Amino acid sequence: MIQADHLTKEYGLFRAVDDVSFRVERGEIVGLLGPNGSGKTTIMRMLTGFFAPTSGSCSIDGVDIRKDPLQARRLIGYLPERVALYPDMSVQGFLSFIAKVRGVEGRVASAVEEAMDVCGLTSMRRRQIGKLSKGYKQRVGIAQAIIHQPQILILDEPTVGLDPRQIVEIRSLIRTLSGLATVLLSTHILPEVSVTCRRVLILDQGKLIAEDTVEGLTEKTAGRGETSVRVSGPEAAVLAAVRETTGVESAEVTERARAGILTLTVRSRSGSAVRSHLVRVLVERGWEVHEVSPRLLSLEDLFVEILERSGREERTA
Amino acid sequence: MKPFLALLAKELRGFFASPLVYFVGAVFLALSGYYFYTNLNAFITFGFGESIVEHLWQRLYADIVRVVITVIPLVTMRVYAEEKHLGTVELLYTAPLRDFEILASKYLACMSVFALLIGATVLYPILIYRVEAFDLSHVGAIYLGLFLLISAMVSIGIFLSSLTETQLIAAVFTFGSILLLWNLSWNEAAVPGDWLGLVSQICAYDHFEPFARGVVDLKDVAYFLALTTLMGWLTMRSMESRQWSGRR
Chain A
1 MIQADHLTKE YGLFRAVDDV SFRVERGEIV GLLGPNGSGK TTIMRMLTGF FAPTSGSCSI
61 DGVDIRKDPL QARRLIGYLP ERVALYPDMS VQGFLSFIAK VRGVEGRVAS AVEEAMDVCG
121 LTSMRRRQIG KLSKGYKQRV GIAQAIIHQP QILILDEPTV GLDPRQIVEI RSLIRTLSGL
181 ATVLLSTHIL PEVSVTCRRV LILDQGKLIA EDTVEGLTEK TAGRGETSVR VSGPEAAVLA
241 AVRETTGVES AEVTERARAG ILTLTVRSRS GSAVRSHLVR VLVERGWEVH EVSPRLLSLE
301 DLFVEILERS GREERTA
Chain B
318 MKPFLALLAK ELRGFFASPL VYFVGAVFLA LSGYYFYTNL NAFITFGFGE SIVEHLWQRL
378 YADIVRVVIT VIPLVTMRVY AEEKHLGTVE LLYTAPLRDF EILASKYLAC MSVFALLIGA
438 TVLYPILIYR VEAFDLSHVG AIYLGLFLLI SAMVSIGIFL SSLTETQLIA AVFTFGSILL
498 LWNLSWNEAA VPGDWLGLVS QICAYDHFEP FARGVVDLKD VAYFLALTTL MGWLTMRSME
558 SRQWSGRR
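Going down the list, the protein sequences come from chains A and B. Under this note's numbering, the first residue of the first sequence is numbered 1, with each subsequent residue one higher. Under this note's numbering, the first residue of the second sequence is numbered 318, with each subsequent residue one higher.
Chain B on its own, in the form it takes in the complex (with noise of 0.2 Å):
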């Protein structure tokens, strides 16, 4: 346990001792207070009265995804990449550790990030409830559905960083991959009949959705673990290719 403590200091220390993550959290946190007054506004201009699960929550925290998607990568592009270009991974690799428990830290440590960066916008239905009581269920689920889809996005930039030690090469195939699993089905008409089941099926959106609407559905929530789990045993093997090609 001692160890792997150790390790998770060292990747929480690499964010916070260095400026990159407080400047992604200003901009993170300015763009989501900027959609939360102007969605507030909109809801009291137009919508007041009306369900405010509908036309507040679901609405802020779709904008809310939209610059969680921008930030990622910034995050994740570092975690392995940059211990392949210092040659530190050598280091970590032959230091009495498991595959896992080195995976365990970065993941842990970008996770630790985001539940700074998401626990800061828990302030905007804490304002809303002190004027107004509303159903906080709705809210917990968004805020469940916020988690594993984070959970599931940092597990595909921390896979994309294993490939490369090139940043910004994991940051940019990251903000592609990450952004169209989020599009993939918004417009069905596009998507051939036979496809846009498992096109749906695939989309992030599609299995974020209910959450939004508050209803926690087991098989959303299976989907974000199982992607997951899947770039975890994907960036595991992506680790373990050094042994067989040579290359760090």
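So here's chain A without its partners, still in its complex pose (with noise of 0.2 Å):
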């Protein structure tokens, strides 16, 4: 269990994290999604005790982290934001020395084992770390996290920087991993929460602005209705063919590429039904459709709308 009361952290006049409160339960998945700079480095250094919170506190398992910091260390495993590696170690060089470090007790051989079964480190298990491609690197990183098998995970933007198909594998060994701790994870890729997490916290601008479960952010990114709509033909009749369909509230030509092909955003009520619609008088215009799908919300969309509807509330309120 993560608990983080009040947290605020200030550098100088910068408020980087403002009066931060959360709680992880335990054998949950959370996401710490917002953008760069939203502080959630800052929390996660909070939480692991390397910076300390100018106000409030936070616990991991009940023990406070300023109280009691070696035993609230021994129960996380971090990987931190900038994987920190030592290049001139072997694979299994570093992990056994993090397993000893981490006072694994009397079975580091099978512990380094383990984490590189787990992590798919076994074939490099002799080569020197400063030789690894990314995706390699940020698997040691997370062997590192897991050796000491912890029952709280906390992991900085685990995926950064990864080629798609790392990304893939990374998410799928931290589902994995969710059966056997709590975890935290952060990320700026909207994606990412939906595809691993259970529950998400929205930070910006080191304030917490939203908390949800991962079928309500789905629904808050659905939520507007947004259709793209790809289509060969004559801009203005395509247009004015848009607009008369039933259900659209209003359309705009967002890209004209050169093959003549126009993207259109439309917008409308209800997004599926008019998708329906909307293939059928394309179609029956005879213009060649390429593309129609809902327009999901960007991270930046899913702000304005969130601060949106807080401020829709407030006045109704």
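No lab work stands behind these hints, which were simulated from the structure alone. What you are looking at is a predicted structure, and each value in this text was computed from that prediction instead of being measured. In this text, a Cβ means the ideal position worked out from N, Cα and C, and glycines have one as well. One or more hints might be untrue.
[Said to hold, decoys possible] Taking CB as the label site, the calculated pair distances span: (1) B:ASP380 <-> A:ASP88: 29 to 39 Å; (2) B:LEU337 <-> A:GLY56: 42 to 52 Å; (3) A:SER293 <-> B:LEU337: 51 to 61 Å; (4) B:ASP380 <-> A:ALA109: 42 to 52 Å; (5) A:LYS207 <-> B:ARG415: 29 to 39 Å; (6) B:SER429 <-> A:ARG126: 21 to 31 Å.
[As the list claims (entries may be wrong)] Examples of chain B residues toward chain A, derived with CB under 8 Å: (7) PRO320; (8) ALA334; (9) SER335.
Two chains, two separate frames, one set of hints: put the complex together.
Below you can see the structure in the form of structure tokens.
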């Protein structure tokens, strides 16, 4: 269990984290979502005791990180934002160093084997860390975080800088870990949380602006009912036809490609019904339809959405 | 104890698995060997039959201290600066380790490097002793002084390494600091009268010189131990400051 109570961190006049409170229950897997500079890393550094909060407190399984740092740190496995490894050590050498420093008693060798096995590093055991690809380095970072089988895992941007295949691998690795530990991970990529997490905390400029389940978040991201349409045809006629389609509130051309393909953003109340209408209308006119798809909100759009909502709620209240 | 030993092994590996320490060792041994030869030559030519302590050992070890001052920054520069540069401080300081254990492992690793280098110079008194026996307690006092002096200077280097993530900056400032500390009182006439007492209290040379004469004075021992402790304390505070400043 991770508990943060009114965490605040100030760097001089700059308030990096502003009165953030949350709780991650045992066995939960929670995402900390926010753009770069929103305070994710600072929160994680306070949770791991690397930074001290200006005010507020946090505890790991009931152990206050400031009052009993050694005991609290024992419970945590931590992947720092910038994967920090000793480049001249071998994978195996590094992991057994971490195992010993982490106080894995007696069974260092088997702990190292297990961590390498889980993270797919067995074939790289003798390789120098400095010579590994970025994806493998990230795996070494995760392996060192889980080597002492911690109850709490704190992962700062675990998939940043990886290629798409590696991202899929690391995400499935995190999902397998979620059965074993409480996981808090940070990301600035919106789809990442929906794939890996069950609950999400949304940060903006150091403030916790929303807390939601992934289902709720998906609803929000699809909530605006925007549809993206790519079609070949005369611009004016296409626009007129789309605007006349039942259910469409507004439509505008957002891109004109060289091959005569127009990209339109169509706004409507109910996304799915409008999309089938649109396809029929466009095909009947004999225009070539390349794509009709729901437009998901970007992280920035989501923030606008959340802030607008809370604004509306305040006004109605 | 076990985590500490792992930490110490990692620090030692950091030195002995990289080529730098071997180059530093080669330069140190070449220079100290040269000073041994030239001092011995001078002793035989001009001072034979006079006090061997005054005319050979005292001069030889003053020269060796000069070489030690040159190589200390090269050994201590990496200890914290490299960890900060790699970001591995974050691993060490979020592991269940006491800050003091981290410092102690780094200090002991540096001291082991110098134990090897200084240990090799014991060859010189052994060679002479075989030709002509002399009072060994003098040389013993010199080695005690050397150990204390190196301990204090290494601690200064470690502290300065904890302030930066650039090794070269740590090395330059360490060299400047320990050279000044060694030479501070060299021209007593340049120091205003009232200040002379204080300056020679601070100056490392003034506290090492009695050892070179074969005199072990508790106040000199205390000076070097106090300096080592003070620098260790400052290093701990400097590493703690990340928690408040937000800089690693």
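Of all the hints numbered above, which does this structure not satisfy? Sort the numbers upward. none
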